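Guided by the hints, dock chain B onto chain A, whose structure is given.
In order, the protein sequence lines correspond to chains A and B. Our numbering numbers the first residue of the first sequence as 17 and each following residue consecutively. Our numbering numbers the first residue of the second sequence as 94 and each following residue consecutively.
Incorrect hints may appear among the rest.
[What the hints assert, rightly or not] With the Cβ distance kept under 10 Å, some of the chain A side facing chain B (calculated, not the full set):
1) Y44
2) P64
3) K174
4) N181
5) R188
6) V189
7) M195
8) W269
[Said to hold, decoys possible] Partial list, computed: chain B residues near chain A (C-beta under 8 Å):
9) C194
10) P195
11) P198
12) A201
13) F204
14) A233
15) M235
16) K251
[Claimed, not checked] Over 10 Å on every C-beta distance to chain A, these chain B residues come out as not near it, computed from the model:
17) A96
18) E106
19) Y107
20) G133
21) L144
22) Q153
23) A221
24) Y231
25) Q247
26) D266
27) H293
28) D294
29) D328
Note that these hints are calculated values from the structure, not bench results. Values in this document were obtained by computation on a predicted structure and should not be read as measured data. All C-beta atoms, glycine included, are put in the ideal place defined by N, C-alpha and C.
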Amino acid sequence: MRLINRHFSKRDRLIAGGAPIVLLLVIYLIMAAARHAANPSDKILPLPGGMFTAMAGLLTTPDPLSGHLVFWADTLASLQRLGLGLGIATLFALVLGLLIGALPPVRATPIALLPILFIALGLGETSKVVLIAIGVAPVMIRDIAAHVGSLPREQIIKAETLGANSWQIIARVALPQAMPRLLQAIRLALGPAWVFLISAEAVASDIGLGYRIFLVRRYLSMDVIIPYVAWIALLAIVMDVALNALSRRAFPWAHGDAR
Amino acid sequence: MNALLSLRNVWVEYGDKVVLEKVNLEVAEGAFLSIIGPSGAGKSSLLRLILGQEAPTRGQVLLDGQPLRPECGPDRGVVFQRYSVFPHMTVLGNVTFGLECPAAPLAARLFGGARRKAEAEATQMLEAVGLGDSLHLYPAQMSGGMQQRLAIAQALIKRPRILLLDEPFGALDPGIRADMHGLITRLWRDYSLTVVMVTHDIKEAFTLGTRVLALDKRRHDPHAPHRYGATAVYDLPLRGPPVPAPEPETQPTPVAATN
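Looking at chain A on its own, in the form it has when it is part of the complex (with noise of 0.2 Å):
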C-alpha cells in the first residue's frame, strides 16, 4: 500500500507521536543519572528530584522582594503580553485582511505600511507587546486578506443580485468565511509570537517566564530552565487545541463536519 494511503488508528496515532518523547526522556534520565553519578552536584542535567525541588520554591515560596509567587507571576506576564500581541495582530489581520481582500480600492494601497506607523506611537506599556503583533501581524493579514480575495467570484455576484450592498457583503459574505481561516492563522502565529515574547522578555523585562529563563541562565539552573521550557510548550500546545476546538464548535461548516 501506497505510503499516502496508510492512515494509522487513534492508538497508533497515540504510539506514534508519544514513543519519540518517551525515549528522549528516558536518554535524558540515563544521562543524568549517570552524570550525578560522576558528580552529585551537576548542574547541566538536573535529575526530576532536583527540578521539584527547585520549581516548588517558585511555585509555592513569595519571593521576599515583590511578594509574587514567581512562577505564576512569569506566567500571567507571560500571557498577558503574549495575548495582547495576538490580540491586536489578529484584530489588524481581520480588518485590514478583510478590506484588502474584499475591496479593490483598498487592495491598491500600500497598507502593509500601517505596522510602521504603529511603532512610530509605540503602545504605552510594552514594547513587547508590540514586538509580538508587529512579527505575527502582516503574515496574519496577508493570508486572511489572500483568503477572503480567493472566495469564488461566482458567490459575490450571487449576493450582488440578493440585493447585498458591500458592507452586507463583507458582514454576510466574507467576515463569516474568513473566521475559521483566522483561528488557523492564530494558530500558526503562535509559534513565532512566543519566540517574539522570550526574546522581547529576553532584552528587556523584569518579569516573565522568558525573562527568568534568561535570568537563571547566568547561574546555570537548568533545574528552573527546563521545567520553564516544558511549562512554555504545554502552554502552547494548550492554546492550539483549544483554538482548534473553538474553530469546529464555531464553524462546522468549515470542517466538513455533521452539526
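Only chain B this time, still in chain A's reference frame:
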C-alpha cells in the same frame, strides 16, 4: 409581447480580441431562451453582459427599455454551475439572506418578528423546490442536485425579472438532471419566469427552451482567429411551451462549423 430584454448592436472586446460582435437580441417576457454554441463562442460573455457583471464595449443592453447599469442587481437572478450557494449558511439562511439584504442595510440581518416572517417566506420557497426537509443543513452536507435546487430557490426569492442559468445542470448526473429539468419547467410556469440559460447540452436546450439561440463565429481569419467575434448564427423559435417529456431528437441540430 414587449421585449423585456434588448441587446442592440452589442460588441464585447478584450483588448484586440473580439468575443462578441454585432449581437442583436430581443427577449420577450415569459420566454425560456436557451443559448448554445461551442466553447469560446461567447456564451458566458453574453450571460455576464445580461447579468451586468460586464459592460459591452459597444452597443446597449436594455432591461424594460432602460439601459442596464454595469453592476449586478436584484432584478436579475443567477444560478451558476458551481459556487452559487454560501457554504457558511444553512439552507434556510441562504434563502433568507436575499430577504434580509434590502430590509436591513446596516445590520445586514433581521431579528424577531421580521426574521420569522422572512424565514416563513424562505421556507415556502424551499418547499417549492423540494428542500422543505433540509432547512438546517449546510450546503456541504447536500448532493450537487440539492445544492442547485437551493441556488434556484435563493434566486427566485427575489422575484427577479430575468433568471439567468449558467450551465446549471452541467455537473449533475443524468437522472438528477431530468428531475431538475422538470423542476425548472414547473417553476418557470408557476412563477411566470423569463429565463436565459446557457448550456452545452443541445438536447437540454431544445427540451427546455421556447427559443434556442446558437452563438458562433460567422467569419474566421486563420491568421488572426481572435479578430472576429461570435454572434447569433441561429435563432430558432420553438412553438409553445416545452413538453416535459423528452422528444427533441427530430429538431435540426445547429452544429457549429468552425471552432
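Does H293/B really sit off the interface, with its C-beta more than 10 Å from all C-beta atoms of chain A?
Consistent with the label, H293/B stays out of reach of chain A, its closest Cβ about 18 Å off (over 10 Å).
For the hint on W269/A, just tell me whether its beta-carbon gets within less than 10 Å of chain B.
4 Å, holds
Agreement of hint C194/B with chain A interface, Cβ distance less than 8 Å:
Since chain A brings a Cβ to about 4 Å from C194/B, closer than 8 Å, the hint holds.
Once the shortest beta carbon distance from F204/B to chain A is found, is it less than 8 Å?
14 Å, violated
Checking hints one by one. Is P64/A an interface residue toward chain B, by the C-beta closer than 10 Å rule?
49 Å, violated
Would you say Y107/B is clear of chain A, with no C-beta pair closer than or equal to 10 Å?
16 Å, holds
Measuring from the C-beta of A201/B to each C-beta in chain A, is the shortest one below 8 Å?
Nearest chain A Cβ about 4 Å off; hint holds.
Status of the hint placing N181/A at chain B (closest C-beta pair under 10 Å)
6 Å, holds
Is the interface hint for R188/A satisfied, with its Cβ closer than 10 Å to some Cβ of chain B?
With a closest approach of 5 Å, the R188/A hint holds.
Should the interface hint for K174/A be scored as holding, given a Cβ-Cβ cut-off of 10 Å against chain B?
6 Å, holds
Is the shortest C-beta separation between V189/A and chain B less than 10 Å?
Interface hint status for V189/A: holds (6 Å vs cutoff 10 Å).
Given as non-interface: Y231/B, partner chain A, CB spacing beyond 10 Å:
The claim breaks: Y231/B does not keep its Cβ more than 10 Å from every Cβ of chain A (closest is about 4 Å).
Violated hints for the displayed structure, listed by number in ascending order: 1, 2, 13, 15, 21, 24, 25.
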